[in-house]
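Chains as they are written, first to last, in this note's numbering: chain V, 788 to 1032; chain F, 140 to 436.
Derived from the structure by calculation, the hints contain no laboratory data. Computed from a predicted structure; not experimentally measured. All C-beta atoms, glycine included, are put in the ideal place defined by N, C-alpha and C. Some clues are possibly wrong.
The calculated lysine-lysine pairs, modelled on DSS-like cross-linking and capped at a C-alpha distance of 30 Å, are [unchecked claim]: (1) V:K1007 <-> V:K860; (2) F:K309 <-> V:K869; (3) V:K810 <-> V:K860; (4) V:K869 <-> V:K914; (5) V:K810 <-> V:K1007; (6) V:K810 <-> V:K869; (7) V:K1007 <-> V:K1027; (8) V:K869 <-> V:K909; (9) F:K312 <-> V:K869; (10) F:K312 <-> V:K909; (11) F:K309 <-> V:K914; (12) V:K909 <-> F:K309; (13) F:K312 <-> V:K914.
Facing chain F, from chain V, some residues (calculated, C-beta under 8 Å) [what the hints assert, rightly or not]: (14) M845; (15) L847; (16) P866; (17) P867; (18) H868; (19) R883; (20) L888; (21) E892; (22) R895; (23) T896; (24) G897; (25) R945.
Taking CB as the label site, the calculated pair distances span [as the list claims (entries may be wrong)]: (26) V:N973 <-> F:Y313: 33 to 39 Å; (27) F:L336 <-> V:D913: 27 to 33 Å; (28) F:L306 <-> V:G980: 37 to 43 Å.
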Amino acid sequence: MSAATEAAEPLVCVEDVHTYYGKSHILHGVSLTVGTGEVVGLLGRNGVGKSTTLKTIMGLVQPSRGAVLFAGKRITGTPPHKLARLGIGYVPEDRRIFRLLTVTENLRTGLDRHGVTEERRKTLLDKVFTYFPVLAERRGQAGGTLSGGEQQMLAIARAMMLEPRIILLDEPTEGLMPRMVAQIRNIIDVLHGERVSILLVEQNVPLTLEASQRVYILEKGCVRHHCAASAIDVNDPLIKQYLGV
Amino acid sequence: MATIVQFLHSIPIDLLIIQTVNGVVTGMILALVASGLTLIFGIMDVVNFAHGELFMLGAYMGVIAFAMTGNFWLALALSALILAIFGAALQIVTLRPLIGRDPLNTILATFGISLVLQNYALWQFGPVARKISEPIGAEFTLFYLQYPWYRIVIALLSGAIIGAVWLFLKFNKYGVWVRATTQDRVMAQAMGIPVPLVYTGVFALGAAMAAVSGVLFAPFGGVDSQMGLQWVLEAFIVVVVGGMGNLGGSIVAAIFISLLEAYAAVWLDPSQAVIVSFVVLILTLLFRPTGLFAAPK
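So here's chain V without its partners, still in its complex pose:
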């Protein structure tokens, strides 16, 4: 374990969180931190609780025990829409594009906040249209008619409209063509460059190790390992043990 890379002032702090879906106990005391501007990877097999961890941070599921802190304040129990306005962006695994809304309207859901000037709107839209030119081409098209990769870009762009301090990214490259994966990888670096924190859940281990500073490995709802991304590689026995098939 290397604690040397631990961020000095964590932006998000998950403390001993236990989460249930009905009677099934999904998270058994998960603790992790994400520093300001840090990219943190969350690895593990299917069903170990990675997505549930993100949902718990976003307030979409309530932990039965433990707490989530955001910028030092306890946010457990705060409704999701308030968390979004505090600066948590969420890109779910299944993308959850508003299928009957156009690309522009999907982006508007994040832009129509209090205190966003006309100028700021334009800057934000220009930014995502620069990184994802295909969204600019399709801006009048319904979200449901986009390809999987385009929907993924829209989901990320939509979260960026909130000007979040952290983005929770759930399997952004799942099922995408290599060219699209490269584009997603690129936007992670761009966001990192802007000091936006990212909590990245991924099955793609090489990409996660490349893009993140630190990684956590989850198994059966517990953090089993935690280290700097540079301290581990794809062939590490730990990776085989916790992620190998």
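Assemble chain F onto chain V, guided by the hints.
Frame of chain V, contents of chain F only:
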């Protein structure tokens, strides 16, 4: 062949035209009632059995406001405003605590509300129907009939209100919120949309639409505590036939069913003509349970 020609000759064209006008006029009021109902269902997943009582209370508020102000159109606006506030309060007190529960809970809740409101109205306003006169007395000649302009005005006004709601949903910031919430309430929350507030707003809007249709209809039939029942039944048929939660579908279905009933009344007794809408309902449920005009999923 000869029988068909004979039948075609026996169709009274003038009567058909009159019934077309009647059907469209009734259809537009029905569409206004049904669009409030379908809006509430589509967005909140609440089957609002109290919608007819909101229609009825709206009509009463119209009567009272008319008695006070003497101006029908002002009474109409006041009634819409009062019912919007009442609807918001009703949603906050009775439906908001039930969010996330089984739909059966909200069905029972709205059914309970409808009984309470009906009996309240009976107790408060008595069993005798109140009258309100048509604000526009002018008539025009339609074949052998003197047809009141007011009916045409109602149809146009209903169309205008539905159009305004559509424009609101399409272009307004809050309209986008409403549509996003309809499609995925969890993701809408994650995008910072205050979903509980959207629900309250939509319920208030639905109540105001019910109130407006109640006031507009009041000059025809009089206002009593039972007047909501017949309309809400028809409105439910329209909502199912048009596709639950589908605003456009409801409007088309409202006009479609009202026209069918109006044409059926040419040959049948008007009380039997109502059967036509039930036949359409049953056929829809059998062959297109998602509605005749279901939106693509």
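Going down the list of hints, with the structure as the test:
Note on K1007 of chain V and K860 of chain V: the hinted pairing holds, with a Cα-Cα distance of about 28 Å set against a maximum of 30 Å. Taken as a hint, the K309 of chain F and K869 of chain V pair is honoured in the structure, with Cα atoms around 25 Å apart against an allowance of 30 Å. A distance of roughly 29 Å separates the Cα atoms of K810 of chain V and K860 of chain V; the hinted pair therefore holds under the 30 Å criterion. In summary, the hint linking K869 of chain V to K914 of chain V is supported, as the alpha carbons are separated by about 24 Å, within the 30 Å threshold.
Taken as a hint, the K810 of chain V and K1007 of chain V pair is honoured in the structure, with Cα atoms around 15 Å apart against an allowance of 30 Å. Distance check on the hinted pair: K810 of chain V and K869 of chain V sit about 28 Å apart at the alpha-carbon level, within 30 Å; holds. Only pairs whose Cα atoms come within 30 Å are accepted, and K1007 of chain V paired with K1027 of chain V is accepted, the gap being roughly 16 Å. Between K869 of chain V and K909 of chain V the CA atoms are separated by roughly 24 Å; this keeps the pair inside 30 Å, and the hint holds.
Between K312 of chain F and K869 of chain V the alpha-carbon distance is near 18 Å, which keeps this suggested pair within the 30 Å criterion. Restraint check: the Cα-Cα separation between K312 of chain F and K909 of chain V comes to about 16 Å, which is no more than 30 Å; the hinted pair holds. Of the supplied pair hints, the one linking K309 of chain F and K914 of chain V holds, its CA atoms being roughly 25 Å apart against a limit of 30 Å. With a C-alpha separation of about 21 Å, the suggested pair K909 of chain V and K309 of chain F falls inside the 30 Å cut-off, and the hint holds.
For the given pair, K312 of chain F sits about 21 Å from K914 of chain V by alpha-carbon distance, which is consistent with the 30 Å threshold. For the restraint placing M845 of chain V at the interface with chain F, the shortest Cβ-Cβ distance is roughly 6 Å, inside the 8 Å limit, so the hint holds. Look at L847 of chain V: its Cβ gets to within about 6 Å of chain F, closer than 8 Å, so that hint holds up. The criterion of a C-beta within 8 Å of any C-beta in chain F is met by P866 of chain V, whose closest approach is roughly 7 Å, and the hint holds.
At about 4 Å, the closest approach between the beta carbon of P867 of chain V and any beta carbon in chain F falls short of 8 Å, and the interface hint on this residue holds. With a least beta-carbon distance of about 5 Å to chain F, the hint placing H868 of chain V at the interface is held under the 8 Å criterion. A hinted interface residue such as R883 of chain V counts as satisfied when its beta carbon comes closer than 8 Å to some beta carbon of chain F; here the least separation is about 4 Å, so the hint holds. Given hint, L888 of chain V at the interface with chain F, holds; its Cβ is 6 Å from that chain's nearest Cβ, closer than 8 Å.
Taken as an interface hint, E892 of chain V checks out: its beta carbon lies about 5 Å from the nearest beta carbon of chain F, inside 8 Å. Given hint, R895 of chain V at the interface with chain F, holds; its Cβ is 5 Å from that chain's nearest Cβ, closer than 8 Å. Nearest Cβ of chain F to the Cβ of T896 of chain V: about 4 Å, under the 8 Å cut. The hint holds. With its C-beta approaching chain F no nearer than about 5 Å, G897 of chain V sits inside the 8 Å limit, and its interface hint holds.
About 7 Å separates the beta-carbon of R945 of chain V from the nearest beta-carbon of chain F, less than 8 Å, and the hint is met. N973 of chain V and Y313 of chain F have their C-beta atoms about 35 Å apart, which keeps the hinted 33 to 39 Å range intact. Remark: the range hint 27 to 33 Å for L336 of chain F to D913 of chain V is upheld by a beta-carbon distance near 30 Å. At about 41 Å, the beta-carbon gap between L306 of chain F and G980 of chain V stays in the expected band of 37 to 43 Å.
Every hint from the earlier list agrees with this structure, and none is contradicted.
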